[in-house]
Amino acid sequence: MKELWQLTAHEANTGLRSRDFSSVDLTKSVLERLNSVEPEMNAFITITEETALVQAKEADKRFAAGTATALTGIPMGIKDLIITKGTRTTAGSQILSEFVPPYNSHVNEKLEQAGTVMVGKTNLDEFAMGSSTEHSAFGSTSNPWDTERIPGGSSGGSAAAVSAGACLGALGSDTGGSIRQPAALCGVVGLDPTYGRVSRFGVIAFGSSLDQVGPIGRDVEDVATILDCIGGHDPRDSTSNPEPMPDLRHYLGREIKGLRIGVPTEYFVEGIEPDVKERVEEALLEFERLGCEIDRTLSLPMTKHALAVYYLIAPSEASSNLARYDGIKYGLRDETSNEIWKTVERTRAKGFGEEVKRRIMLGTYALSAGYYDKYYLKAQQVRTLIIQEFNEAFEQYDLLVTPTTPSVAFPKKQKINDPYAMYLNDIYTLPSAVAGLPALSMPCGIANGLPVGLQIIGNFGEEGKILQAAHAYEQATEGGNLLASL
Amino acid sequence: MTISKEQVQHLAKLARIEITDSEVKILASQLSDILEHFEALEDVDTKGIAPTAHPAPLRNIMRTDEVRDSLSKEDVLQLAPETEDGLVRVRAVLE
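Chains H and R are the protein sequences, given in the same order.
According to the numbering used here, the first sequence holds residues 5 to 490 in order.
According to the numbering used here, the second sequence holds residues 224 to 318 in order.
Calculated from the structure, these hints are not laboratory results.
Glycine included, each C-beta is placed from N, C-alpha and C at the ideal position.
Where hints are given, some of them may not hold.
[What the hints assert, rightly or not] For each label pair, taking beta carbons as the anchor points, the in silico distance ranges come out as:
(1) H:G275 to R:M285: 42 to 48 Å
(2) R:V316 to H:I450: 57 to 63 Å
(3) R:T243 to H:T301: 50 to 56 Å
(4) H:D377 to R:N283: 23 to 29 Å
(5) R:V313 to H:Y424: 37 to 43 Å
(6) R:G309 to H:K89: 18 to 24 Å
(7) H:A69 to R:L310: 43 to 49 Å
(8) H:N452 to R:T225: 37 to 43 Å
(9) H:K346 to R:E265: 22 to 28 Å
(10) H:G295 to R:P274: 38 to 44 Å
(11) H:G275 to R:T225: 33 to 39 Å
(12) R:E289 to H:R300: 53 to 59 Å
(13) H:N395 to R:V299: 42 to 48 Å
[As the list claims (entries may be wrong)] For lysine-lysine, the following DSSO-like pairs were computed, each having C-alpha atoms within a straight-line distance of at most 30 Å:
(14) H:K354 to R:K270
(15) H:K346 to R:K296
(16) R:K296 to H:K354
(17) H:K65 to H:K32
(18) H:K308 to H:K419
(19) H:K419 to H:K378
(20) H:K89 to R:K296
(21) H:K308 to R:K270
(22) R:K248 to R:K228
(23) H:K416 to R:K248
(24) H:K346 to H:K333
(25) H:K417 to R:K228
(26) R:K296 to H:K333
[As the list claims (entries may be wrong)] Covered by chain H, according to a simulated footprint, are these stretches of chain R (three or more residues, beta-carbon under 8 Å):
(27) 241-250
(28) 253-267
(29) 277-286
Next up, chain H with everything else stripped away, as it sits in the complex (with noise of 0.2 Å):
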């Protein structure tokens, strides 16, 4: 008999709508399996316990109603990057660390109005700039695989919680693979939508022009789930998409025969780790003995770019939103100057970690008169080549498959002294992020004992395809709901 909080998020729908226990014992549950993870993992900056309990009892009178949703009732972590009216919200920065936000998110709307339980506001890299979450004014979080590792980031303590039962689905936030790299090191699912499916009103902006909302969850239905709940237009944001939000759940359970797979040979090049690459094999054999044609002579040659591309935008972007920070209307204030310029100074010294620092600089300097043609005007150059690129490939393949990460998770401190070292860990989720395009990472199985992630980009605005890919592949091959052993 499995316990309550290592149900799927859509198996304990099941559990809910048939009365065989309710929304309070399951999150009473998921609270008691968070209190005895959380000293460990530290995957949490709040824990919402009251809130929690708060929300479960009305859950379950919308049960009683007859007004639940997909989704009411279910514990979840939201990342600490997105606002909670009342609840703190920090970003994982010094500077936010007492933020109560007098407003809500668009995606925390959406999930009030489904019914969802919040449990907690989850760990992150600062302000959602790093790939292990170590870079978190409030510490870093384990791997519940492995407790010495890191659990990827920025969405780290999302999908830590996810993985160890400290919820049942999560929100992230992806800008250059900020959701589908910790899924894969953590062994979930996660889904970067297409730029402009999810809302960014009241998402604490770092790269404007890349950041997106999405899901983490234990299997491919779930992640669908909270997709459909979370996504379509909202006026509030600029870039929104004005498209009706497809039906996610129709892709499930279809086949995928004769689908056209491109899988990139840039993706399988230097520093990539053996058994990750064999995982990944196993995974295109199995989609091949699922009907799809795999292609494996494509060539994507500006993937290579999409590094300095990235991370040239997306600290610039940085540099000019993280600009409000000045201890003037809200956040930390350094006492230590009566002067107004020394105050803003000190402020942001005190209040940014280093990482967060580093990225403003370099911002800054990309930016900067004399240097701006050369840096950042000739990323966005090579943003609309890569763009290019990928459209032409999706002239020929329905979806791409790689891997989501070079490597499985790395042990702690080994990379947070060397920047660039830590930037390579994203080399496979940069590009479609820099096009704005939704991919999706998946477990494809277990090296060493750790996960590791198979990744599936789809063409603009066609998350359903990657999903209808990735359920076919989570049934054929009995995934999903892997749980750490924590």
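Based on these hints, arrange chain R on the given structure of chain H.
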């Protein structure tokens, strides 16, 4: 591309972040290292290629100019480190 210590100090000024001498040294070396890896971009032929600012297929999204509710003054002011008479108080701008 090498970033000098003076350049780092100038960037810190532009970014309004106070930095220590040891931070200047580390940042000069780290930023130089990062930018060196980005040099390969120069080899990409981008003649006549339009820059992409964002990947959304949208242009000039407007909304109607109408009076709407906003956050209350009290809610906003209680977030400020220092207020006075219903206003945000700032430090001296001029000596």
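So, going through the hints one by one against the coordinates:
1. H:G275 to R:M285: 42 to 48 Å: For G275 of chain H and M285 of chain R the Cβ distance comes to about 46 Å; the hint holds.
2. R:V316 to H:I450: 57 to 63 Å: holds (60 Å)
3. R:T243 to H:T301: 50 to 56 Å: holds (53 Å)
4. H:D377 to R:N283: 23 to 29 Å: About 25 Å separates the Cβ atoms of D377 of chain H and N283 of chain R, which means 23 to 29 Å holds.
5. R:V313 to H:Y424: 37 to 43 Å: Given range 37 to 43 Å: holds, Cβ gap about 39 Å.
6. R:G309 to H:K89: 18 to 24 Å: holds (23 Å)
7. H:A69 to R:L310: 43 to 49 Å: About 47 Å separates the Cβ atoms of A69 of chain H and L310 of chain R, which means 43 to 49 Å holds.
8. H:N452 to R:T225: 37 to 43 Å: This hint holds: roughly 40 Å between Cβ atoms.
9. H:K346 to R:E265: 22 to 28 Å: Since K346 of chain H and E265 of chain R have Cβ atoms about 39 Å apart, the given range 22 to 28 Å is violated.
10. H:G295 to R:P274: 38 to 44 Å: holds (41 Å)
11. H:G275 to R:T225: 33 to 39 Å: violated (26 Å)
12. R:E289 to H:R300: 53 to 59 Å: holds (56 Å)
13. H:N395 to R:V299: 42 to 48 Å: holds (44 Å)
14. H:K354 to R:K270: violated (43 Å)
15. H:K346 to R:K296: holds (28 Å)
16. R:K296 to H:K354: holds (28 Å)
17. H:K65 to H:K32: Cα-Cα ~17 Å, so holds.
18. H:K308 to H:K419: Distance ~21 Å between K308 of chain H and K419 of chain H Cα, so the pair holds.
19. H:K419 to H:K378: holds (28 Å)
20. H:K89 to R:K296: holds (16 Å)
21. H:K308 to R:K270: holds (19 Å)
22. R:K248 to R:K228: holds (6 Å)
23. H:K416 to R:K248: Status holds; Cα separation ~25 Å.
24. H:K346 to H:K333: holds (16 Å)
25. H:K417 to R:K228: Holds. K417 of chain H to K228 of chain R sits at ~27 Å (cutoff 30 Å).
26. R:K296 to H:K333: holds (12 Å)
27. 241-250: Held - the stretch 241-250 of chain R has 4 residues with a Cβ nearer than 8 Å to chain H, which meets the minimum of three.
28. 253-267: The restraint on the stretch 253-267 of chain R holds, since 11 of its residues have a Cβ under 8 Å from chain H and three suffice.
29. 277-286: Per the Cβ count (7), the hint holds.
The structure fails hints 9, 11 and 14 (numbered hints given earlier, in ascending order).
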